[in-house]
Amino acid sequence: MPSRLYKPTLIWLQGVTCNGNTHSFLNLPYLPQLLERFEVLYHPLLPCTQSLAETAHCKRGCDVLVFEGAFDPEMERAGTTLKQLVGHYAGEAGHVIAAGSCASFGGIFKASAPNRNSGLAFAGEQPDGPLRGRVGKVINLSGCPVHPEWLGYALMSIADGRPVAVDQLGRPTALYRHMAHDGCLRNEYFEWKVDVEQFGRKEGCLFYEHGCRGPLTHASCNRTLWNGVSSKMRVGTPCFGCTEPDFPRRNLFETKTNMSIPEEVPVGVSKRAYLTMTGIAKSFKIKRLEERLIDDD
Amino acid sequence: MSKAERKENIISTALKLFAEKGFYVTTIPDIAAKVGMSVGNFYNYFSSKDILAKELILYISEYLGKHIREINEGEGSAKDKISAIVTFYFTMATERPEMIEYFLRIYLSNREVFGESCEGMVCVSPFITEMMIFFDDGVAGGELRDQDFFSAFGLFMGYLGGMVFLFGEKILPEPLSHYEASIAENIYRALKTV
Ligand code: SF4
Ligand code: SF4
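Quick mapping for you: the protein sequence lines, in order, are chains Z and L. Anchor point for the first sequence: position 58 equals 58 in my numbering, and the numbering is continuous, going up by one each time. Anchor point for the second sequence: position 74 equals 74 in my numbering, and the numbering is continuous, going up by one each time.
Okay, chain Z solo, but in the shape it has when bound:
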């Protein structure tokens, strides 16, 4: 890539976080090329030109602010509150990215301290947090953690000057328009209502008895695989719906049912239509789908 005259400046700040989004980002295969496109003023782990103390002085601004973790107005970084830091840098920046579910909707830290913590512009689905009045400015890359390719997509778009279209919750439509269910290798089992017998098995779907949120979750995990090879459902674990504003829910391995009927059905499908299809599909026994793919244990 030829060097460019203009490199947007980037600051990566952390709120209340487990560092998961930073670590996820380190797995981006083209991270070095991506970083070439920015002037990284501050990042907690990556090479950068400023210290945290210098960043906390709020002397200059940045073009792109990436924020990781839940927002807690009282929390301090190098003696400056997050409220001041976010107020200053988000005000200056042309683009604000909330990396991960905590920064987007509050996530697990909001769940444990709902009165203190929120996302940058939302708490759950409600506009809240320091940028609630500027919802349109924040690109929410929800996920626990954010998929590195999604962050790569957003930053590359910004570097290239391409606009990033977002949904009502600020999530880029290119990444979140599909369901996590789309591209899942277990779809045929879903259609014929054959549920998995135990975690880790390749055969069966995880929707009916194991809490899979794939059909209710906007995410492209089964289209853009993690580390280029896998997803939760591919290894036999249910999707936990980590990209949705109601994450984390309780009992992640359970499907809530009323008299054996799933309480929630795939997004956009009426319960009546879903139950009709289910009843009919269940009437058929498909031998191939009841068997192991390869009987090797």
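Some hints here could point you the wrong way.
[What the hints assert, rightly or not] Under the rule of at most 30 Å between Cα atoms (straight-line distance), these lysine-lysine pairs were calculated in the BS3-like manner:
id	chain 1	residue 1	chain 2	residue 2
1	L	7	L	49
2	Z	256	Z	282
3	Z	271	L	66
4	Z	282	L	49
5	Z	285	L	66
6	Z	287	L	79
7	Z	282	L	192
8	Z	282	L	66
9	L	79	L	192
10	Z	256	L	66
11	L	54	Z	271
12	L	192	Z	271
13	L	7	Z	193
14	L	54	Z	282
15	L	16	L	34
16	Z	256	L	192
[Unchecked claim] Using C-beta positions, here's what the derived DEER-type ranges look like:
id	chain 1	residue 1	chain 2	residue 2	range
17	L	48	Z	285	45 to 51 Å
18	L	70	Z	81	56 to 62 Å
19	L	178	Z	291	49 to 55 Å
Simulated from the structure, these hints should not be mistaken for laboratory data. Even for Gly, the Cβ is constructed at its ideal location relative to N, Cα and C.
Since chain Z is already given, all that's left is putting chain L with the ligands on it; use the hints.
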């Protein structure tokens, strides 16, 4: 008479004949004669007795489904809806006994006639779906106890079917309507949360 009306006429005539004479004894010429059409013309509507048999169960299932759907979509508690379903079912058994007869005596007892095209829930799905919606709403609303669907369904429908059977055999001392309130109460007590 339009084609749809004629079809409806065949369906109700066939149901009555099957109830009176039995399924195997009743022939297509019998049905055709009773609706006043030639056997050849009859085959334009239903190409075989097995196909007619399947259409009849679909017709009944849709009829049941449509009315229970109205109850589901109406106002009221699960308790009220149980009463409404019992009343509807008994009214139907009194006014159109051939429909329930067909369901209980022919569909459930002659499964071989329905073969693969009616496997499992396929032909009764409009009705079963509405019962599922009823139970699901009842549990979600906190009024009914969470349990296996078929245990609840069997209890509800088995009870109604049993009463209609006793009524049809002229064993019940009183008309069905006499029992409506107490049966609805029994079903509600068996299904409600404690
Ligand atoms: S495992 Fe989950 S995502 Fe995969 S088909 Fe089943 S419900 Fe859909
Ligand atoms: S599959 Fe579901 S739980 Fe896993 S990362 Fe994607 S959205 Fe989150």
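Hints versus structure:
1. Distance check on the hinted pair: residue 7 (chain L) and residue 49 (chain L) sit about 14 Å apart at the alpha-carbon level, within 30 Å; holds.
2. With a CA separation close to 19 Å, the supplied pair residue 256 (chain Z) and residue 282 (chain Z) stays within the 30 Å bound.
3. For the given pair, residue 271 (chain Z) sits about 16 Å from residue 66 (chain L) by alpha-carbon distance, which is consistent with the 30 Å threshold.
4. A threshold of 30 Å between alpha carbons decides the hint, and for residue 282 (chain Z) with residue 49 (chain L) the separation of about 27 Å falls inside it, so the pair holds.
5. Taking the CA atoms of residue 285 (chain Z) and residue 66 (chain L), the gap is about 28 Å. The hint holds against a cut of 30 Å.
6. Pair hint residue 287 (chain Z) plus residue 79 (chain L) does not hold up; C-alpha atoms about 42 Å apart against a cutoff of 30 Å.
7. Of the supplied pair hints, the one linking residue 282 (chain Z) and residue 192 (chain L) holds, its CA atoms being roughly 27 Å apart against a limit of 30 Å.
8. This hinted pair checks out: residue 282 (chain Z) and residue 66 (chain L) have alpha carbons roughly 22 Å apart, not beyond 30 Å.
9. Distance check on the hinted pair: residue 79 (chain L) and residue 192 (chain L) sit about 9 Å apart at the alpha-carbon level, within 30 Å; holds.
10. Simply put, residue 256 (chain Z) and residue 66 (chain L) have alpha-carbon atoms about 28 Å apart, close enough for the 30 Å limit, and the pair holds.
11. Our distance criterion of 30 Å between C-alpha atoms is met by residue 54 (chain L) and residue 271 (chain Z), whose separation comes to about 26 Å.
12. Taken as a hint, the residue 192 (chain L) and residue 271 (chain Z) pair is honoured in the structure, with Cα atoms around 22 Å apart against an allowance of 30 Å.
13. Simply put, residue 7 (chain L) and residue 193 (chain Z) have alpha-carbon atoms about 35 Å apart, too far for the 30 Å limit, and the pair is violated.
14. Note on residue 54 (chain L) and residue 282 (chain Z): the hinted pairing holds, with a Cα-Cα distance of about 19 Å set against a maximum of 30 Å.
15. The suggested pairing of residue 16 (chain L) with residue 34 (chain L) holds, with an alpha-carbon distance near 10 Å, which does not exceed 30 Å.
16. The straight-line distance between the Cα atoms of residue 256 (chain Z) and residue 192 (chain L) is roughly 19 Å, inside the 30 Å bound, and the hint therefore holds.
17. Between residue 48 (chain L) and residue 285 (chain Z) the beta carbon distance is about 26 Å. The supplied range of 45 to 51 Å is therefore violated.
18. In this structure the supplied range 56 to 62 Å holds for residue 70 (chain L) paired with residue 81 (chain Z), their Cβ-Cβ distance being about 59 Å.
19. Taking 49 to 55 Å as the suggested C-beta distance range, the pair residue 178 (chain L) and residue 291 (chain Z) conforms, at roughly 54 Å.
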